[in-house]
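The whole structure should be built from the sequences, with the hints applied where relevant.
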Amino acid sequence: MPRELITVNDLTKEFVLSTKQRKLNNTSEKVKIAANKLNFSVYEGEVFGLLGPNGAGKTTTLRMLSTLIKPTSGEAFVDGASIVREPDRVRSRIGFLTSELKLEQFFTPDYLFDFFADLHGVPADVAKARKAEMFSRFGINEFAGVKVANLSTGMKQKASLVISLVHDPDVVIFDEPTNGLDIITAKTVTDFLLDLKAEKKTVMISTHIFSLVEKLCDRVGIIIDGKMAVCDSLDAVCGGISLEDRFFELYNDAKEAAK
Amino acid sequence: MKNNKIWAIMRKEFARFFGDKRLVFTSILLPGLLIYFLYSFMGSAMGDMFGNEDGYVPVCYAVNVPANAEAMLEAALGTDIQTIDAAETESYKQQITASEADLLMVFPEGAEALFNGTAVPAEDAPMIALYFNSANTESLAVYQTAAAVLDGYESSVTNLFDINMGDESYDLATEEEAAGQIFAMMMPMLLMMFMFSGCMAVAPESIAGEKERGTIATLLITPIRRSHLALGKIFSLGVIAVLSGVSSTVGTVLALPKLMNFEDSGLNMDASFYGITDYLMLGCVIVSTVLLLVALISCISAFAKSVKEAGTALTPVMLINMLIGVTAMLGSAPTNPVMYCIPLYNSAQCMSAIFSFAADPVNIAVTCGVNLAVMGVMVFLLTRMFDSEKVMFSV
Numbered sequence: 241m242p243r244e245l246i247t248v249n250d251l252t253k254e255f256v257l258s259t260k261q262r263k264l265n266n267t268s269e270k271v272k273i274a275a276n277k278l279n280f281s282v283y284e285g286e287v288f289g290l291l292g293p294n295g296a297g298k299t300t301t302l303r304m305l306s307t308l309i310k311p312t313s314g315e316a317f318v319d320g321a322s323i324v325r326e327p328d329r330v331r332s333r334i335g336f337l338t339s340e341l342k343l344e345q346f347f348t349p350d351y352l353f354d355f356f357a358d359l360h361g362v363p364a365d366v367a368k369a370r371k372a373e374m375f376s377r378f379g380i381n382e383f384a385g386v387k388v389a390n391l392s393t394g395m396k397q398k399a400s401l402v403i404s405l406v407h408d409p410d411v412v413i414f415d416e417p418t419n420g421l422d423i424i425t426a427k428t429v430t431d432f433l434l435d436l437k438a439e440k441k442t443v444m445i446s447t448h449i450f451s452l453v454e455k456l457c458d459r460v461g462i463i464i465d466g467k468m469a470v471c472d473s474l475d476a477v478c479g480g481i482s483l484e485d486r487f488f489e490l491y492n493d494a495k496e497a498a499k
Numbered sequence: 011m012k013n014n015k016i017w018a019i020m021r022k023e024f025a026r027f028f029g030d031k032r033l034v035f036t037s038i039l040l041p042g043l044l045i046y047f048l049y050s051f052m053g054s055a056m057g058d059m060f061g062n063e064d065g066y067v068p069v070c071y072a073v074n075v076p077a078n079a080e081a082m083l084e085a086a087l088g089t090d091i092q093t094i095d096a097a098e099t100e101s102y103k104q105q106i107t108a109s110e111a112d113l114l115m116v117f118p119e120g121a122e123a124l125f126n127g128t129a130v131p132a133e134d135a136p137m138i139a140l141y142f143n144s145a146n147t148e149s150l151a152v153y154q155t156a157a158a159v160l161d162g163y164e165s166s167v168t169n170l171f172d173i174n175m176g177d178e179s180y181d182l183a184t185e186e187e188a189a190g191q192i193f194a195m196m197m198p199m200l201l202m203m204f205m206f207s208g209c210m211a212v213a214p215e216s217i218a219g220e221k222e223r224g225t226i227a228t229l230l231i232t233p234i235r236r237s238h239l240a241l242g243k244i245f246s247l248g249v250i251a252v253l254s255g256v257s258s259t260v261g262t263v264l265a266l267p268k269l270m271n272f273e274d275s276g277l278n279m280d281a282s283f284y285g286i287t288d289y290l291m292l293g294c295v296i297v298s299t300v301l302l303l304v305a306l307i308s309c310i311s312a313f314a315k316s317v318k319e320a321g322t323a324l325t326p327v328m329l330i331n332m333l334i335g336v337t338a339m340l341g342s343a344p345t346n347p348v349m350y351c352i353p354l355y356n357s358a359q360c361m362s363a364i365f366s367f368a369a370d371p372v373n374i375a376v377t378c379g380v381n382l383a384v385m386g387v388m389v390f391l392l393t394r395m396f397d398s399e400k401v402m403f404s405v
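Chains A and B are the protein sequences, given in the same order.
Everything in the first sequence is counted per our numbering, starting at 241 for the first residue and increasing by one.
Everything in the second sequence is counted per our numbering, starting at 11 for the first residue and increasing by one.
Be careful, since some hints might not be right.
As the list claims (entries may be wrong) - Taking lysine-lysine and the PhoX-like style, the derived pairs with C-alpha atoms no more than 20 Å apart in a straight line are:
id : chain 1 : residue 1 : chain 2 : residue 2
1  : A       : K270      : A       : K342
2  : A       : K342      : B       : K400
3  : A       : K270      : B       : K400
4  : A       : K310      : B       : K400
To be verified - To give an idea of the chain A side of the interface with chain B (calculated C-beta under 10 Å), a few residues:
id : residue
5  : F280
6  : Y283
7  : G285
8  : R303
9  : I309
10 : F317
11 : S322
12 : R325
13 : D328
14 : I403
15 : H407
As the list claims (entries may be wrong) - Stretch by stretch, here's where chain B covers chain A in the computed footprint (C-beta under 8 Å, at least three residues):
id : region
16 : 348-360
17 : 484-492
Derived from the structure by calculation, the hints contain no laboratory data.
Even for Gly, the Cβ is constructed at its ideal location relative to N, Cα and C.
And the structure:
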């Protein structure tokens with residue numbers, strides 16, 4: 241049995257809604273439960289997909305796991321480090337990429353790679369070798385000296401991806417990895433995730449694209465309205481039907497139950 | 011390793027700032043240059059306003075002017091006084107209104123007696139009328155000179171006693187002390203303003219700006235401790251703010267003699283009479299104050315959602331800082347060390363004391379200690395804010 245690298249126990253996140261937000265969401269409830277007592281594990285060397293519609297709580301869950309926000313209750317461990325009590329240790333073990341994380345427009349990918357390598361405490365010679373490898377793999381060399389402000393969306397995404405992995409983490413967490421990318425860059429990112437899978441890295445992605453999950457993931461957790469509807473291997477979840485059909489079955493069941 | 015991370019943040023901030031030539035020019039070079047030229051211009055403009063323009067020959071007329079008064083006035087005004095008839099006064103008044111003439115002096119009949127010492131003091135003293143045009147700066151200056159000459163003469167003929175009429179110098183203050191008083195009055199307020207604007211030029215952009223652009227989240231996802239991020243930011247922004255403050259200060263010190271017109275009065279007005287100890291004490295006060303200000307501005311900026319919002323939130327703080335600077339202009343610095351426990355007020359008072367050669371090292375030490383302690387509290391607060399999702403991500 242492979243080792244559990246991410247363990248999530250009753251992870252819950254509640255957001256207090258302002259009067260304005262309540263009006264916008266057409267609700268009288270003062271608290272929104274974005275993640276509701278989530279329990280799941282991600283094993284070493286597997287690709288785990290968190291699948292769900294927009295607003296289901298995928299990004300909130302990943303932000304808690306990456307220690308950007310704190311859970312209201314519950315706990316999670318990344319490679320044995322608690323996200324509540326040891327956030328620094330968690331951050332040193334993961335590479336996290338989300339569209340929320342931006343690179344400073346003034347600097348070049350070359351400078352930013354070195355800067356983030358410093359912050360991650362990567363030795364200079366190791367960082368140099370890794371930069372050469374990653375820049376060449378993603379074709380960044382040709383724009384390594386261009387300020388981020390002057391890069392296209394695809395180039396920026398490539399630079400962000402490489403910089404998020406500057407310290408060669410064992411656990412890689414990607415939030416909507418192909419969102420907003422053109423088909424060429426999306427293919428580069430998907431291929432890279434397949435490479436990570438081949439390298440037996442532990443990868444967790446969140447997405448609402450069924451084909452991406454089917455192509456990449458060993459196991460999948462379907463999250464609807466903050467609750468984990470099902471979490472198992474891809475085959476077990478699908479049960480002989482397509483992932484899309486299975487998802488809408490679960491989605492309709494959840495909506496019926498909520499009435 | 012820990013210090014390396016603080017240093018990494020500092021290097022990044024320096025690279026961001028010094029890599030942008032426009033930012034360096036507007037934040038460091040421009041304030042000094044602007045202050046130098048602005049103050050020099052203000053000084054020369056004020057000099058022109060209150061003094062006669064070089065080479066200007068005023069046009070003066072007089073009625074019934076006695077010969078010895080004429081000679082005295084001509085010498086003082088540097089022009090020939092043209093004598094006119096009493097009947098013509100109205101037309102010359104109109105000339106003054108039209109700025110074609112500067113001064114009309116109407117002496118009473120028999121004014122000779124007033125100027126040759128034969129007049130007897132009477133209850134209704136005769137009057138000399140001086141007509142001038144206050145809207146015309148030359149006319150006003152000529153009037154003031156003529157009035158002063160005649161007033162002085164009047165005092166000397168009814169002389170009961172004189173004050174300080176001998177040749178010796180009666181002001182026993184040394185030149186340094188006299189100039190020091192001027193520096194003590196002007197510089198603390200200006201320095202408080204320069205330090206604040208130096209911090210304002212960089213801190214909101216670095217904290218609220220990074221938050222606004224989403225780049226702070228990229229830093230927060232790295233294993234760097236929040237306290238190291240806060241310290242790295244505050245130290246680097248402090249260095250930049252000090253450079254900006256130094257530029258403004260150099261501009262002021264160079265322009266102050268021109269602003270105060272000391273070149274005309276012959277007073278040696280440069281900062282060369284302050285010793286190395288004075289500059290060291292001033293440096294300590296400035297560095298501790300800038301660190302405190304940067305930390306304070308960073309904390310307020312961290313609350314703001316954008317640079318613009320930070321600027322609005324910081325306006326009242328800027329006004330308070332300016333008011334504190336003004337306190338240094340009023341009276342002399344307090345001697346009680348307890349008064350030096352009030353942050354920012356202590357800095358203004360210390361600088362005032364240093365400039366007037368009355369600095370007490372104990373008070374300077376208390377000031378620097380208090381400022382650094384308050385900065386420590388601010389760093390702690392900023393660390394907590396970097397750790398707060400409510401503040402950083404508004405959730």
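Now for the hints, and whether the structure bears them out:
1. A/K270 - A/K342: The given pair, whose Cα atoms are some 31 Å apart, is violated under the 20 Å limit.
2. A/K342 - B/K400: Holds: A/K342 and B/K400 sit about 19 Å apart, inside 20 Å.
3. A/K270 - B/K400: holds, 17 Å
4. A/K310 - B/K400: holds, 10 Å
5. F280: violated, 22 Å
6. Y283: With Cβ-Cβ at 23 Å, over 10 Å, it is violated.
7. G285: This hint is violated: A/G285 lies away from chain B, its Cβ roughly 23 Å from the closest one there, beyond 10 Å.
8. R303: holds, 8 Å
9. I309: Check passed: Cβ of A/I309 comes within 4 Å of chain B, closer than 10 Å.
10. F317: Violated, about 16 Å.
11. S322: violated, 15 Å
12. R325: violated, 13 Å
13. D328: Hint holds; A/D328 Cβ to chain B Cβ min 5 Å, cut 10 Å.
14. I403: holds, 8 Å
15. H407: holds, 9 Å
16. 348-360: holds (count 6)
17. 484-492: With 0 residues close enough to chain B, the hint is violated.
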